[in-house]
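Undergrad: Residues per chain, in single letters:
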Amino acid sequence: MAFFARAIRHSSPYLRSRAPPPPAVAASCRWISPTAAAGSPEAGAAVAPADPETPPPREPVGGARVELPSNPEDALEVFVDGHAVRIPKGFTVLQACEVAGVDIPRFCYHSRLSIAGNCRMCLVEVEKSPKPVASCAMPALPGMKIKTNTPVAKKAREGVMEFLLMNHPLDCPICDQGGECDLQDQSMAFGADRGRFTEMKRSVVDKNLGPLVKTVMTRCIQCTRCVRFASEVAGVQDLGMLGRGSGEEIGTYVEKLMTSELSGNVIDICPVGALTSKPFAFKARNWELKGTETIDVTDAVGSNIRVDSRGPEVMRIVPRLNEDINEEWISDKTRFCYDGLKRQRLNDPMIRGTDGRFKAVTWRDALAVVAEVLQQVKPEEITGVAGKLSDAESMMALKDFVNKMGSDKVLCEGNGPSPPADLRSNYLMNTSIAGLEKADVFLLVGTQPRVEAAMVNARIRKTVRATQAKVAYIGPPTDFNYDHEHLGTGPQTLVEIAEGRHPFCSTLQSAKNPVIIAGAGLFDREDQDALFSTIETVAKKFNVVRPDWNGLNVLLLHAAQAAALDLGLVANPTESIKSTKFLYLMGADDVDLDKVPDDAFVVYQGHHGDKAVYRANVILPSSAFSEKEGTYENTEGCTQWTIPAVPTVGDARDDWKILRALSEVAGAQLPYDSLSGVRDRISMVAPNLVHVDEREPCTISSEVKPPVKQQVSSTPFKTVVENFYMTDAITRASKIMAQCSATLLKK
Amino acid sequence: MLPPAARLAARRLLGLATSSASESAAARRLSRSPVSAPLPLLQMPLYLLAVRRRSFAVLISPSGGNVSLQISYAAAGCFSRLFSTALNYHLDSPENNPDMPWEFTEANMKKVNEILSHYPSNYKQSGIIPMLDLAQQQHGGWVPVAAMNAIAKIVEVAPIRVYEVATFYTMFNRTKVGKYHLLVCGTTPCMIRGSREIEEALLEHLGVKRNEVTSDGLFSVGEMECMGCCVNAPMIAVADYSKGSEGYTYNYYEDLTPKRVVEIVEMLKRGETPPRGTQHPERKNCGPAGGNTTLHADMRRQW
Numbered sequence: 001m002a003f004f005a006r007a008i009r010h011s012s013p014y015l016r017s018r019a020p021p022p023p024a025v026a027a028s029c030r031w032i033s034p035t036a037a038a039g040s041p042e043a044g045a046a047v048a049p050a051d052p053e054t055p056p057p058r059e060p061v062g063g064a065r066v067e068l069p070s071n072p073e074d075a076l077e078v079f080v081d082g083h084a085v086r087i088p089k090g091f092t093v094l095q096a097c098e099v100a101g102v103d104i105p106r107f108c109y110h111s112r113l114s115i116a117g118n119c120r121m122c123l124v125e126v127e128k129s130p131k132p133v134a135s136c137a138m139p140a141l142p143g144m145k146i147k148t149n150t151p152v153a154k155k156a157r158e159g160v161m162e163f164l165l166m167n168h169p170l171d172c173p174i175c176d177q178g179g180e181c182d183l184q185d186q187s188m189a190f191g192a193d194r195g196r197f198t199e200m201k202r203s204v205v206d207k208n209l210g211p212l213v214k215t216v217m218t219r220c221i222q223c224t225r226c227v228r229f230a231s232e233v234a235g236v237q238d239l240g241m242l243g244r245g246s247g248e249e250i251g252t253y254v255e256k257l258m259t260s261e262l263s264g265n266v267i268d269i270c271p272v273g274a275l276t277s278k279p280f281a282f283k284a285r286n287w288e289l290k291g292t293e294t295i296d297v298t299d300a301v302g303s304n305i306r307v308d309s310r311g312p313e314v315m316r317i318v319p320r321l322n323e324d325i326n327e328e329w330i331s332d333k334t335r336f337c338y339d340g341l342k343r344q345r346l347n348d349p350m351i352r353g354t355d356g357r358f359k360a361v362t363w364r365d366a367l368a369v370v371a372e373v374l375q376q377v378k379p380e381e382i383t384g385v386a387g388k389l390s391d392a393e394s395m396m397a398l399k400d401f402v403n404k405m406g407s408d409k410v411l412c413e414g415n416g417p418s419p420p421a422d423l424r425s426n427y428l429m430n431t432s433i434a435g436l437e438k439a440d441v442f443l444l445v446g447t448q449p450r451v452e453a454a455m456v457n458a459r460i461r462k463t464v465r466a467t468q469a470k471v472a473y474i475g476p477p478t479d480f481n482y483d484h485e486h487l488g489t490g491p492q493t494l495v496e497i498a499e500g501r502h503p504f505c506s507t508l509q510s511a512k513n514p515v516i517i518a519g520a521g522l523f524d525r526e527d528q529d530a531l532f533s534t535i536e537t538v539a540k541k542f543n544v545v546r547p548d549w550n551g552l553n554v555l556l557l558h559a560a561q562a563a564a565l566d567l568g569l570v571a572n573p574t575e576s577i578k579s580t581k582f583l584y585l586m587g588a589d590d591v592d593l594d595k596v597p598d599d600a601f602v603v604y605q606g607h608h609g610d611k612a613v614y615r616a617n618v619i620l621p622s623s624a625f626s627e628k629e630g631t632y633e634n635t636e637g638c639t640q641w642t643i644p645a646v647p648t649v650g651d652a653r654d655d656w657k658i659l660r661a662l663s664e665v666a667g668a669q670l671p672y673d674s675l676s677g678v679r680d681r682i683s684m685v686a687p688n689l690v691h692v693d694e695r696e697p698c699t700i701s702s703e704v705k706p707p708v709k710q711q712v713s714s715t716p717f718k719t720v721v722e723n724f725y726m727t728d729a730i731t732r733a734s735k736i737m738a739q740c741s742a743t744l745l746k747k
Numbered sequence: 001m002l003p004p005a006a007r008l009a010a011r012r013l014l015g016l017a018t019s020s021a022s023e024s025a026a027a028r029r030l031s032r033s034p035v036s037a038p039l040p041l042l043q044m045p046l047y048l049l050a051v052r053r054r055s056f057a058v059l060i061s062p063s064g065g066n067v068s069l070q071i072s073y074a075a076a077g078c079f080s081r082l083f084s085t086a087l088n089y090h091l092d093s094p095e096n097n098p099d100m101p102w103e104f105t106e107a108n109m110k111k112v113n114e115i116l117s118h119y120p121s122n123y124k125q126s127g128i129i130p131m132l133d134l135a136q137q138q139h140g141g142w143v144p145v146a147a148m149n150a151i152a153k154i155v156e157v158a159p160i161r162v163y164e165v166a167t168f169y170t171m172f173n174r175t176k177v178g179k180y181h182l183l184v185c186g187t188t189p190c191m192i193r194g195s196r197e198i199e200e201a202l203l204e205h206l207g208v209k210r211n212e213v214t215s216d217g218l219f220s221v222g223e224m225e226c227m228g229c230c231v232n233a234p235m236i237a238v239a240d241y242s243k244g245s246e247g248y249t250y251n252y253y254e255d256l257t258p259k260r261v262v263e264i265v266e267m268l269k270r271g272e273t274p275p276r277g278t279q280h281p282e283r284k285n286c287g288p289a290g291g292n293t294t295l296h297a298d299m300r301r302q303w
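Those protein sequences? They're chains A and B, same order as listed.
The UniProt record's numbering applies: residue 1 is where the first sequence begins, and numbers increase by one.
The UniProt record's numbering applies: residue 1 is where the second sequence begins, and numbers increase by one.
In short, the hints are calculated from the structure, not lab data.
This list has only true hints and no planted wrong ones.
With a straight-line cut-off of 20 Å between C-alpha atoms, the simulated SDA-like cross-links for lysine to any residue are:
| hint | chain 1 | residue 1 | chain 2 | residue 2 |
| --- | --- | --- | --- | --- |
| 1 | A | Lys256 | B | Met100 |
| 2 | B | Lys153 | A | Glu255 |
| 3 | A | Lys470 | B | Asn122 |
| 4 | B | Lys153 | A | Val254 |
| 5 | A | Lys256 | B | Ala150 |
| 6 | B | Lys124 | A | Gln237 |
| 7 | A | Lys256 | B | Ala158 |
| 8 | A | Lys256 | B | Ala146 |
| 9 | B | Lys153 | A | Asp483 |
| 10 | B | Lys153 | A | Val236 |
| 11 | B | Lys124 | A | Asp483 |
| 12 | B | Lys153 | A | Gln237 |
| 13 | B | Lys153 | A | Asp479 |
| 14 | A | Lys735 | A | Thr276 |
| 15 | A | Lys462 | B | Ala158 |
| 16 | A | Lys89 | A | Ala466 |
| 17 | B | Lys176 | A | Val254 |
| 18 | B | Lys153 | A | Phe480 |
| 19 | A | Lys256 | B | Ser93 |
| 20 | B | Lys153 | A | Ser231 |
| 21 | A | Lys256 | B | Val165 |
| 22 | A | Lys256 | B | Arg161 |
| 23 | A | Lys256 | B | Tyr89 |
| 24 | B | Lys153 | A | Asn481 |
| 25 | B | Lys124 | A | Ser231 |
| 26 | A | Lys256 | B | Pro98 |
| 27 | B | Lys153 | A | His484 |
| 28 | B | Lys153 | A | Tyr482 |
Excised from the complex, chain A in its bound form (with noise of 0.2 Å):
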């Protein structure tokens, strides 16, 4: 059959032109069917009304979850290839399909953007409709009877596949979307294995987009994904539709690059290959790569992300779906960071010789000669400082280490000098990153969460545009992608609204679920603990924390820092780094390194050449987030853990071995040999840490805080993140980072 149908292609023009052929040929040339039955016309209209006596159970596509509304008004009951559903109203023809088990073939649609209607891949046939309708645009109505595989709805599809394919370039083995392609996937069920368009094919110049977005716009389909996640989603109004008719094309119009966090994401919400990964263009085929399911460490969100490895290399960073973190997005720093990973790596411990030059030596020496050192400091000047992106199994063992050697100054970076460690509810996201979405008012303190938190500023914005909630913000002037009221750039407009003088106040009053969100960079203010006292007496006079909601946040800067202050690594940073002989920096760059005494022994035991290591005398190479097993706490309180993707580099170790071993050198063993000893010690100190992918909210309220007596100072709030793009030792030795600073940060 085959065979004739060729030969039909390759006879004369006219054959081909005027004959179309026999209804056989054209079935049998489809390559595969979406069901085995529906290839031929009369076996698709067999399968539809099945036996309606005993349909075989449905589960929704994916396992999802349909909740229906308690009122059983509020559902309705349609029937999808014979088979009857319940789907509360409202849902649309084709959430209704996907709750009856049917996945339905799409390109434009997609369930957090606004819904376009303009590919008409989701055809389906309708009883009592004169034409197939496109399911993703039409609500649901009750004993709507639709039908998924239908000639009619087959045909329909085949037609807007041909219709796809005709201006789409065949080159799937040149395109990085190849093997991950909606297009490619879908012209396997619906495609024709060969085209009756003998035209030129449209195509399209390219767009720069930035250092992070590849554009090959010829094979752009006019779905308008990537417009409305533009528009809607990252809040950057750039991209948008040019022209008309088969001239179409998606763009800017003007020479712009996508300045947005977020703008990594269109690559995942393309359907075809229109908008690749620049810096992963040409490095692999998808289906090369190990999948790791992780969490991203470069801010405090905790992103659920999926790291893409070759052998020893991470490719590539994707995210993973958590409706109550990260939706299905991540910022452009935890997607493009990975480079990173591979540069300017610690792989042997070194020793600082007499000429102020590292050498390589072996672990044995290296951890000899901290022992050694440690023996001869006095116990009070033994100071460890954790970095940022450590877990909460190496802080503990730090912690420990620390104590065990008679020194109680063990701290985290980045939690200022008195961090309010006492209880958890003053340092965790009490309302939750999803909980968000229930607020209508925001009041935002010295935090700018664009920077600080690209997803948490994501969670805002969808906040304000589904439910028009206020927004105020106190701090310096910055950027924000949705509307909001700038109240003042210091402390004293907060004591204004505690006090009640404020015009904001009446916008707090009348607020059903306020939030206010106070930035991590707090912390380092003198004043802090009057600050957030005012804070506090600003969330009691205005009802922010309430037995049924809690509205009072504070949003951390780093990964480290809320399982830091779980874990009591709460010393003060100014004082102990002033006077200390022994410094131990466990990954810590940030930390001000002028302090340091010139005759203070500096450990540093990280994976990246980074700042710290031009003071270090020692240098102890560890594994970074990607090569180990380690706990996380993120800003609201989840616990979370990383998984190994790839191997560690050199010589380097896990982190809380290092510190077990050198204990054992230094004669005060630490009391665990295992990644679950460690973890049944952080049980002890703080059992949350073991709770993974829970999120356990504080139970105790603030009220039992002590009486501050400080005064606010009247010190402007400071930007606390000044490049986006390099915040950790990781990005910062990023080469697509640095590219992303030198292009995208506005001068």
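Let chain A serve as the given structure and place chain B on it in line with the hints.
TA: Relative to the frame of chain A, chain B by itself:
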């Protein structure tokens, strides 16, 4: 260096390569595989390229070496012929760039406010199309990107939303046109009645190509699709931007001959106003030549 297939494609576009039997046989053989990448270009029979030769202008990109870009340019050339006067993206030039100051004149600002008064205050963007039209009249027949930005500011939307509208509608010119923009109808009835000859006569007389402006800046010739004058085909529309938005006219000249259209151009050049409508001496509006041949009676009386 270019991949061989792309090089061949580029050479074909440039008319350098000939199709040998072995090549096309190879192309056919390869084409059976459903995932053979750059083959559509190779598969394309040469006669098709020949047919479309006129619409192709293969440009060598300044950076060189990027064949896909060259081909894109070629296709873009093809579409600029089919659609409006410009590409779907903006290239900065001294007379058209976003840094250029641009605002509505005082008189036009009153019209802008009038336009805005038609719509609710939260739907200001509904005024984009009439404002673009006004800006086009004010700016001598075309809308620079600075004017689009000014409109975006007035209606309080992102500039891209205005760009989208301006690129969608082909009557918004985004490159310079002449003071008299002559639009030849190219749709079937006019084409059958000789619109191609009309256009050729215009282009030859003015010494320009389509969508080019004469050196004195007075005339440009474009193509439009059906303007609803099929009964008086062939026709052209003349948009007169010589007197700003106050004296702006948009007239149809119908029943044209190549000779008459040249006369009209000459009259416009002299500053005269040719009589609009049908140019047939014996026709009145769209009635038959020499008066009615039927329906002599007053039809109203019969009913």
